[in-house]
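Chemist: Below are the chains, spelled out letter by letter.
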Amino acid sequence: MSGYKIHLLVCGGTGCKASLSTAVVENLNHEIKTQGLDDFAQVVTTGCFGFCEKGPIVKIIPDNTFYVQVKPEDAREIVEEHIVKGRKVERLLYHDPDKETIVSDSKHMNFYKKQVRIALRNCGVIDPENIDEYIARDGYKALGKVLSEKTPEEAIKLIKDSGLRGRGGGGFSTGMKWELAAKNISDEKYVVCNADEGDPGAFMDRSILEGDPHTVVEAMAICGYSIGSNYGLVYIRAEYPLAIERLKTAIKQARDYGLLGNNILGTGFKFDIELRYGAGAFVCGEETALIHSMEGSRGEPTMKPPFPSDSGYLGKPTTVNNVETFANIPVIINKGAAWFSSIGSEKAKGTKVFALAGKINNVGLIEVPMGITLREVIFEIGGGIKNGKKFKAVQTGGPSGGCLTEKHLDTPIDYDNLIAAGSMMGSGGMVVMDEDDCMVDVAKFFLDFTVEESCGKCAPCRIGNKRLHEILEKITKGNGTPEDITRLINLGTVIKDTSLCGLGQSSPNPVLATINNFMDEYTAHIEDKKCPAGVCKALMKYEIVDENCVGCTACARACPVGAITGERKEIHHIDTSLCIKCGACIDRCKFNAVIIK
Amino acid sequence: MSNIKVELKKPDVDKIKEICKSFNNQPGELINVLHKTQHTFGYLPAEVQEVVARELNVSVAKVYGVVTFYSFFSMIPKGKYPISVCTGTACYVRGAENVLDEFKKNLKIEVGETTGDGMFSISCLRCVGACGLAPVVMVGEKTYGRVAPEMVSDIIKEYTNQK
Amino acid sequence: MEKVKLTIDNKTVEVEKGTTIYKAAKTIGIDIPVLCYMDLGDLNIENKPGGCRMCSVEVQGRRNLAPSCATDVFDGMVVNTHSMRVLNARRVVMELILSDHPKDCLVCPKSGNCELQSLANKLGIREIPNQDIAEMSTYRKDFSPSIIRDMDKCIMCRRCETMCNEFQTVGALSAVNRGFMSVVAPAFEMDLEDSVCTYCGQCVAVCPTGALTEVNHTNRLIRDLSNPNKTVIVQTAPAVRAALGEEFGHKPGTLVTGKMVSALKQLGFHHVFDTDFAADLTIMEEGTELLSRLTRHLNGDKSVKLPMLTSCCPGWVNFFESQFTDMLDIPSTARSPQQMFGSIAKTYFADLINIPREDLIVVSIMPCLAKKYECQRDEFKVDGNPDVDYSISTRELAHLIKRANIDFDSLSEEDFDQPLGESTGAGVIFGTTGGVIEAAVRTAYELHTGKTLQDVDFKELRGMDGIRHATIDFDGQPINIGIAHGLGKARQLLEGIRNGTSEFHAIEIMACPGGCIGGGGQPLHHGKFEILQKRMEAIYQEDKNKPLRKSHENPYIIKLYEEFLGKPMSEKAHKLLHTHYVDKSKKIIYIEPKSFEI
Amino acid sequence: MGKIKTLADLRKMREKLKSETDLRDKSEHPEDMVQIKVAMATCCIASGSRETMNYIVDELEKRNVDAVVTQTGCMGYCYAEPTVEVTVPGKEPIVFGYVDEKKANEIIERYIKNGELVEGIIPMNYRSIEETK
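Chains as they are written, first to last, in the numbering used here: chain A, 13 to 609; chain B, 3 to 165; chain C, 763 to 1360; chain D, 92 to 224.
Simulated from the structure, these hints should not be mistaken for lab results. Don't take every hint at face value.
To be verified - Below, in silico cross-link-like pairs of lysine-lysine (PhoX-like), each with a Cα-Cα straight-line distance of 25 angstroms or less:
id: 1; chain 1: A; residue 1: K260; chain 2: D; residue 2: K96
id: 2; chain 1: A; residue 1: K153; chain 2: D; residue 2: K94
id: 3; chain 1: A; residue 1: K549; chain 2: B; residue 2: K107
id: 4; chain 1: B; residue 1: K107; chain 2: A; residue 2: K553
What the hints assert, rightly or not - Across the chosen pairs, the derived CB separations fall in these ranges:
id: 5; chain 1: D; residue 1: G206; chain 2: A; residue 2: K401; range: 50 to 56 angstroms
id: 6; chain 1: B; residue 1: A150; chain 2: C; residue 2: L868; range: 53 to 59 angstroms
id: 7; chain 1: A; residue 1: S589; chain 2: C; residue 2: R824; range: 50 to 56 angstroms
id: 8; chain 1: C; residue 1: V869; chain 2: A; residue 2: T498; range: 30 to 36 angstroms
id: 9; chain 1: C; residue 1: S1065; chain 2: A; residue 2: N275; range: 56 to 62 angstroms
No residue lacks a Cβ here, since even glycine has one placed at the ideal position from N, Cα and C.
Take these sequences, add in the hints, and give me the full structure.
Modeler: Here it is, written out as structure tokens:
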């Protein structure tokens, strides 16, 4: 029956592929063949394991050995030692930096201990390009169940009862959204999957699409049945070629099996899915903008109401959900609303996928129950701050979110708590900052993003964000005045209050949140003309420490603008008015005589 | 707008027509058509947009409006080796800005420009989703992870040597 | 209709469900400021992108402020249109808009007539914070023969885009770029002149700022009028007299023909003539052409194409020359009245007063911006000298009258000069939609049947519907007539012709809403339909007042043919009064061999 | 590939395919089921441990026993190869020597299924193979 006694799961996500995981697969296959183990061991390219920091990951089943940072040349040793001789290759196992011990299986790694994988249940477990593996793990069971056992109303009620809320940012009840579209009578309705994940530093949706595309296909069909639609569209970023390919494969396989198309599973239900590509506009994550983009227009948002559930794609009732939301649907159908709502917190049910990034030890993709604290996420799962630096803040909700600090570490994560703390859930990006990050600069970075991504339709967002950015620029250049803070706050508040869509309504958050939490840093920039983190170039001063300078002239020769003077064997001097702070002198000095103040 | 004037040969025009036709000349498919056209020609010069507009029966102004709205579409040809520096948050906090500056300095071009010999162009992109490897740089299809400014000249050399 | 009750500024108001806050407030006299919003009422064009946020109001229980122009009321809604939160927000957003707007109001053509300027004033903006570090979005200034685009002044209200695309379906303009640099522009930000723009001027008519303005010839006119070596004559289009009064505080629909003539004389024109005269002449030519095409067609001549389309609207001519190039042989070859006038003036009249054409300056007062372009066309020049030297709009004329301290109201009523100032009622109604075809019918009927019309009022041809049709009985021969105003409607009729479903014999098309009375050079009607309606009534009133109402009865026309032209469609008439059309679609494909191959 | 026309088809297919990926699920929760480790060093393979392992895997499946079979390095009892360590939930691990197909059959039927002791146990001087490292 089951031919293979050993499975070698190799991560084929974008991150691991970038670190040559495809070559790892090739080499493993080659070695297994050389050893004549073709029918004994099987290499499976799976979706993302989440532990991107240590990619590429190779997991050996059944003994659950978790190899990290595997290079193509390691394949031979893995096969010869582990598969043939049953000896684990110790140097490729994960080293727990805290306890300085070796952990051989993922179960015992802090990164995985607190995770609960629902949306990511198949990621890193199955071959995303093989529908059979999906079916084997209860794939399309939920679709079958809904089609045969439930009326659309019952299906919607089940989703409503589960308490699932949109995972794309807004947090609107998914069941209610479906209900609104279901209530509208129309000759045609549409199910749209929003896969235009644009938050910089977020890759949840990409990982799901790459690791488990069928779950989205199945969920969209379930949604179609529930709201009375026969047509689904996935709006996906063109920057995600691998996800596009896998989704295309999944749709084709589903069609071949008759799980998409006419008369699905003999029930008479008809549903099919098409892809639409984004073209690099963050604002298209907003559902009205997304719909305009799918219609072939500029992705400018329009006023709501009318909501897409009343008038969406081509003016027809449309339900837009994001990838992660959809990924939860089949499980909820299979295991029931009560099971789902038992996970998570009082106000937010289920789990949330986060992309951990930034100055954190374990960069990667995690799925945790709602209500977990930031501390658990950052210090237990994330393994704390890189290089033993001090935690300063975590940015959630992408450019629309805010910064959470030390004092929020024990706040349980859910939609409302994050908003109360001045940030938001967003789609799930979590970028960790340490003491070396300047919060004024970070605010400027996000504003730079919104300025570039603002569609330009409404005045507060189009011009206001530009002005916010200019004021921040002024402050980081050392020209700020105390009035600028007042101006930032008033301007920021009005932009939030008057902007047309979610982009502008949240774009000042990074500024307002950093003013709120890191006023001392703003004051340092404005009053003392100093950047405490040493990031803002204009506020840095290069100096030569007299005691260390030997007069070797190396720095003077390196200086591109002739700002350094001094005779040979005499102490040199930097003319700060000429200095462009390029850092060439520091690089050149062998005596640590140049310092930044 | 670019000042490059392009002569479209008949096969080129036919190719564009074929692409439009594969989407049933539906105006709603404009973005898909533009994707495919850009994939074919490498960029979307004005003349190409005019043909697309005519085939889909929409105004050229609208096509141009769409092309200039989406950062994925370009009206100038990219370099033989397009360099994309990820400036997503994760890469930013891990020093992408310095890497970008180094590329600009090294190639003496700005973001969105192409070197005189047509070899390299630089663009920024927002998050390729390889945050574990931050900062990330892509040259063509190849991804470089954990790029430090010191590595930049070596990366460029890799391509200048192949020619 | 379902009613909802709500409270606005503590006042209770009951309105129909689906009404916006803005409109609900209006019913109780609360005028919420708007900027990008534009409601063209019966034209069914409502521009409410929700872009300027000037109309923001506070709605109880709502997280953020609501744009009242685009937010529907609901039962029990509590709205505050003037809370301090609202006033602060409006001020800040206005400061933002101004921070990206040139401050040269003193010399801006829209100064004093600028919606942005007056709203800024109303909101009490006295300084713009951080202007010293504020970058401005700047664009190349674009001059065309009719319209100037100064997009530094664009506030992205998108009204022009709506007019150009939704109403006119011309598609010359679109929002381009993204974010701070987004702006409304032709494709590739090319010159308007190279685009498919028809110069209909509807974009100019709705622009709230100085971003889109007409090419202004008043200074040139003053220079010419002060030149003793030139004879300067003027012609005034029919629609001007029905709207000019509005610029001087008169109610819409006030006819000011006599005062207008008087003002023009005071300004120093040597002769004040009437385009209506040329309109009568147009009917002679176009009517004859129609009859000839009709007769040949009815006699089974397959080489004759029908329907015949009118050709007096230059915006419309530009439209089909660039977008319906397969149908260039359908419109009448008759020149527009403006050009017929110029042609006759610089030949017949110049001879009459015995001066060389170079010394005769022909100026036209037009409700239209496309006329500025039309008179520059090469077809209408003789050895480089244009038949009509330049055209100024109704608005420009009003400005000039004010500038010359002429007290318009106290002017006496004067008559046009002869011989080019006499007109019939048929010439007058050219100013409104349906008028040209009605005038043509009056003459064609009598010429065709040899009978005298008992009633010259063809009510079935009148009205404001975008597309109208009627069948006129030409003594047993039914003639199907179509009428469209607005180029979007014209497109519909043209597509009918293209796919062979059209059964019309003749179609009148006007580019602007209501015809010339709603032209791009008229006093701004802000989309208020009742204003257009009043102007239309005035035109028909003027027609009624005329002793002669059929073009072929105009004694000066009869004389012109006798003394100069011979017969309608004669060789001379052909040379002077007819034209041909060129395919302008070619110009947008520029193939310049060399450089890049792809 | 044929179409899945009915729900029953889908169910059948799932049952058939389940075994393919079952291993991946089971390996996540080894403590809930019988764990069998087969020593698989070169010396063991030479004495037929691979055949033993294949036999055990197939038989367990046939007899519907929830178990995870993994391989491990040499246990050091080379004299008694092939050697197999069996951990039944709640019990201490036991190592068997000279496990050929016959022996394996006995272990499954008697020890694993019925909890009876079987001959051939190697005296334990360690707790678990893993922890010897």
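Chemist: Give me the numbers of the hints this structure contradicts, sorted from smallest to largest.
Modeler: Hints that this structure does not satisfy do not exist here, as all of them hold.
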